[in-house]
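Protein chains in written order, with this note's numbering: chain A, 1 to 418; chain B, 1 to 339.
Calculated from the structure, these hints are not laboratory results.
Note that this is a predicted model, so its numbers are computed, not measured.
Yeah, the Cβ is synthetic: ideal placement off N, Cα and C, and Gly gets one too.
Do not take every clue at face value.
Said to hold, decoys possible - Quick list of simulated restraints, FRET-style, between CB atoms:
1) VAL110(B) - TYR23(A): 50 to 60 Å
2) ILE257(A) - ASP111(B): 30 to 40 Å
3) VAL31(A) - PRO48(B): 44 to 54 Å
4) PHE60(A) - LYS29(B): 49 to 59 Å
5) ALA257(B) - ASN45(A): 54 to 64 Å
6) ILE280(A) - PRO209(B): 33 to 43 Å
To be verified - So these bits of chain B aren't anywhere near chain A, every CB distance computed over 10 Å:
7) THR152
8) ASN165
9) GLU179
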Amino acid sequence: MASHTDPSKESFRPSMLIYDTRYRGMTIQIVALIGFLTLLGWIINNTAQNLADLGMRPSFGFLMEPAGYDINQTLIEYQNQDSHLRAAFIGLLNTLLVAVMGCATATILGVLIGILRLSKNWLVGRLMTVYVETFRNVPVLLWIVFTMAILIETFPPPSAFRGDDPEATMAVFNSVAITNRGVYVPEPLFTRGLGDLSVFGLFQISIDLIVILAALFAGIWAARKVRQRADRIQNATGVRPTTWHFALGLIVLPVLIVLVALGFHFGYPALQGFNFQGGIYMRNSLIALWLALSIYTSAFVAEIVRAGILAVSHGQTEAASALGLRPNRVMSLVILPQALRVIVPPLISQYLNLTKNSSLAIAVGYMDITGTLMGITLNQTGRALETLLLGMLIYLAISLSISAVMNWYNNRVKLVER
Amino acid sequence: MKKSLFLGTLTAAGLAAGMSAAATLDDVKARGTLNCGVTTGLVGFAAPNANGRWEGFDVAVCRAVAAAVLGDENAIEFVPTTGKTRFTALASGEIDMLARNTTWTFSRDVDLGFEFAGINYYDGQGFMVPKELGVTSAKELNGATVCIQTGTTTELNLADWFRKNNMEYEPVPIETNAEAQQQYLARACDVYTTDSSGLAATRATFEDPSAHVILPEIISKEPLGPLVRHGDNQWGDIVRWTLNALIAAEEFGITSANVEELASEPTDSPEINRMLGTEGNLGEMLGLDKDWAVRAIAAGGNYGEIFARHIGESTPVGLARGLNAQWTEGGLLYAPPFR
Numbered sequence: 001m002a003s004h005t006d007p008s009k010e011s012f013r014p015s016m017l018i019y020d021t022r023y024r025g026m027t028i029q030i031v032a033l034i035g036f037l038t039l040l041g042w043i044i045n046n047t048a049q050n051l052a053d054l055g056m057r058p059s060f061g062f063l064m065e066p067a068g069y070d071i072n073q074t075l076i077e078y079q080n081q082d083s084h085l086r087a088a089f090i091g092l093l094n095t096l097l098v099a100v101m102g103c104a105t106a107t108i109l110g111v112l113i114g115i116l117r118l119s120k121n122w123l124v125g126r127l128m129t130v131y132v133e134t135f136r137n138v139p140v141l142l143w144i145v146f147t148m149a150i151l152i153e154t155f156p157p158p159s160a161f162r163g164d165d166p167e168a169t170m171a172v173f174n175s176v177a178i179t180n181r182g183v184y185v186p187e188p189l190f191t192r193g194l195g196d197l198s199v200f201g202l203f204q205i206s207i208d209l210i211v212i213l214a215a216l217f218a219g220i221w222a223a224r225k226v227r228q229r230a231d232r233i234q235n236a237t238g239v240r241p242t243t244w245h246f247a248l249g250l251i252v253l254p255v256l257i258v259l260v261a262l263g264f265h266f267g268y269p270a271l272q273g274f275n276f277q278g279g280i281y282m283r284n285s286l287i288a289l290w291l292a293l294s295i296y297t298s299a300f301v302a303e304i305v306r307a308g309i310l311a312v313s314h315g316q317t318e319a320a321s322a323l324g325l326r327p328n329r330v331m332s333l334v335i336l337p338q339a340l341r342v343i344v345p346p347l348i349s350q351y352l353n354l355t356k357n358s359s360l361a362i363a364v365g366y367m368d369i370t371g372t373l374m375g376i377t378l379n380q381t382g383r384a385l386e387t388l389l390l391g392m393l394i395y396l397a398i399s400l401s402i403s404a405v406m407n408w409y410n411n412r413v414k415l416v417e418r
Numbered sequence: 001m002k003k004s005l006f007l008g009t010l011t012a013a014g015l016a017a018g019m020s021a022a023a024t025l026d027d028v029k030a031r032g033t034l035n036c037g038v039t040t041g042l043v044g045f046a047a048p049n050a051n052g053r054w055e056g057f058d059v060a061v062c063r064a065v066a067a068a069v070l071g072d073e074n075a076i077e078f079v080p081t082t083g084k085t086r087f088t089a090l091a092s093g094e095i096d097m098l099a100r101n102t103t104w105t106f107s108r109d110v111d112l113g114f115e116f117a118g119i120n121y122y123d124g125q126g127f128m129v130p131k132e133l134g135v136t137s138a139k140e141l142n143g144a145t146v147c148i149q150t151g152t153t154t155e156l157n158l159a160d161w162f163r164k165n166n167m168e169y170e171p172v173p174i175e176t177n178a179e180a181q182q183q184y185l186a187r188a189c190d191v192y193t194t195d196s197s198g199l200a201a202t203r204a205t206f207e208d209p210s211a212h213v214i215l216p217e218i219i220s221k222e223p224l225g226p227l228v229r230h231g232d233n234q235w236g237d238i239v240r241w242t243l244n245a246l247i248a249a250e251e252f253g254i255t256s257a258n259v260e261e262l263a264s265e266p267t268d269s270p271e272i273n274r275m276l277g278t279e280g281n282l283g284e285m286l287g288l289d290k291d292w293a294v295r296a297i298a299a300g301g302n303y304g305e306i307f308a309r310h311i312g313e314s315t316p317v318g319l320a321r322g323l324n325a326q327w328t329e330g331g332l333l334y335a336p337p338f339r
């Protein structure tokens, strides 16, 4: 019987918390955590105490009071007797609108410029370098104000369209009015419209829009089925059937049928009184903010795309070419999928930056969440701390959502290692 | 904004650590300068001149208070504040008083915890339009695009007025007066609205002021005045009575030219004597010396002189006295008695 004794189990002594390396790291972390929480608690307590001394008791009751002010761009119904909360929501929608428009445009522009900057054509490559260096090296606030100044100073005011022999005329077959207040484009109208659907009594959604989108998505889904079938045939026989005309027809036809059924026609803007009436009105402030943010951010995206493409070793291109793939196929099937895993993580940061930069909207009078909740509401109620806190939470929530979605996408495109 | 809030919180923390509230007077004396919040620049009311010296109608109130308290009208630290930052700056103690054409409203007085020390300008919100538009009344502005300086009571007045008159408008909110001017002059908005004194001040800076008209409608009451924090009544009294002294001085005919002479020996008028310290001890009651009012008046003259020099009819701003005349001349200025 092997005599074999366990090492005597050392009993735990408090001094081991400091002198034993097994516990020391933990001890230091716990002490630091306690210190940090104490500091945080002290700051919060101190702020609350001082606010109370100043007679400013934090309260969010003001959110339910009537806002009293008007907002020029509202995606859902709003009038000045609605609550501050709804005004903040209108602002939030405006923030999201410009963020989505900005991110989409910045991505398209950025990818294009990033690829063009790698062009073997000397002139194109240099021009893109100039673009990137110009736009990313000037603060975005200046670009926003500059774009706005150009829009205001170069385009004619609506009054210039008045009279028998006006100084300015409408563009594109007399249907688009470009003024220094914004651009009016024809709006889609329906003679046999289906009316609006009230969502939880909060806002209205056009049923026409829902039907059109449904038709569009059905078409896209069907087109996808056709492509999958083409893939199967290609895998089985090596010959890929031509499918683009099917796909196009499947996407376009249902939408066209729905449009005709609804009695689609355009409503054109017309000068009435001080301003144009009718049509879709894109305000200067939105255009300036959107253009400036997307052009500025696209310069960064271009560099990220360039870096991503350069990160894929040249051997991949050569190997793909050796297999007989054409250059555009090499890019879409071999280079880009590999480049995306390098591109996506920094791209997330750019989307976040663009969204947060949209808070500079107030410089051009665009009513985003900073302009409504943290601007006019703050002023009218004097609740600086509460509105700023709420605003910070909202930006945090937006950013975390973008991050979550993009990380999900990143997980899908990243290299699967076995 | 965030920075000033943070600094404000720090300042507030520092203040609370050192002492309980109150005693702004002691702070100011110990510091040797008065921290006075003003606008970021509105010609006639508060703007630095060519030499960088702050001048204007609101600035004059600051100078009078500094002269009364510290004996030096230049011992002031001017803190430019925007419509957004002004209340935080005052509440946090960053500034001792705010003289920034701020409208006295119930909620600012009661809910935000400030103390309005009086009214130095009776104003009202008006509209300015280019003359070529041919508009003669604000009632003709249905559908107009209106530039508003954001962060003021003007937004609410405007919304109320258009709602009351059942008219439509499109607001274009602008952060500062300068940006509003740019948009207005480029005709990106048809109308510019703010307090009518501000309109006049803005119009004065235009290349051709006569091409713009201020419409006759005044859509709100905007009593503008200096304000201080709640809770320090002594400091509030000093600011209030300095302003009253300036107003009373005009009524009694005391000017910057004759104030020294009138204060050198008692005059026939007991009220002048009490105000200028040759009789009684009003200065002592305020916690100041007996010459406080003499210095305040000597700094920039009485209310009428200040008005005439900065915004009166002979200046580019060109405002008539109107409601801001003495009560003896049909205006609303009425200083309570010095006794």
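Against the structure, the hints:
no.: 1; hint: VAL110(B) - TYR23(A): 50 to 60 Å; in the structure: 58 Å, holds
no.: 2; hint: ILE257(A) - ASP111(B): 30 to 40 Å; in the structure: 59 Å, violated
no.: 3; hint: VAL31(A) - PRO48(B): 44 to 54 Å; in the structure: 53 Å, holds
no.: 4; hint: PHE60(A) - LYS29(B): 49 to 59 Å; in the structure: 40 Å, violated
no.: 5; hint: ALA257(B) - ASN45(A): 54 to 64 Å; in the structure: 56 Å, holds
no.: 6; hint: ILE280(A) - PRO209(B): 33 to 43 Å; in the structure: 38 Å, holds
no.: 7; hint: THR152; in the structure: 7 Å, violated
no.: 8; hint: ASN165; in the structure: 14 Å, holds
no.: 9; hint: GLU179; in the structure: 8 Å, violated
The structure does not agree with the numbered hints 2, 4, 7 and 9 stated previously, though it agrees with the rest.
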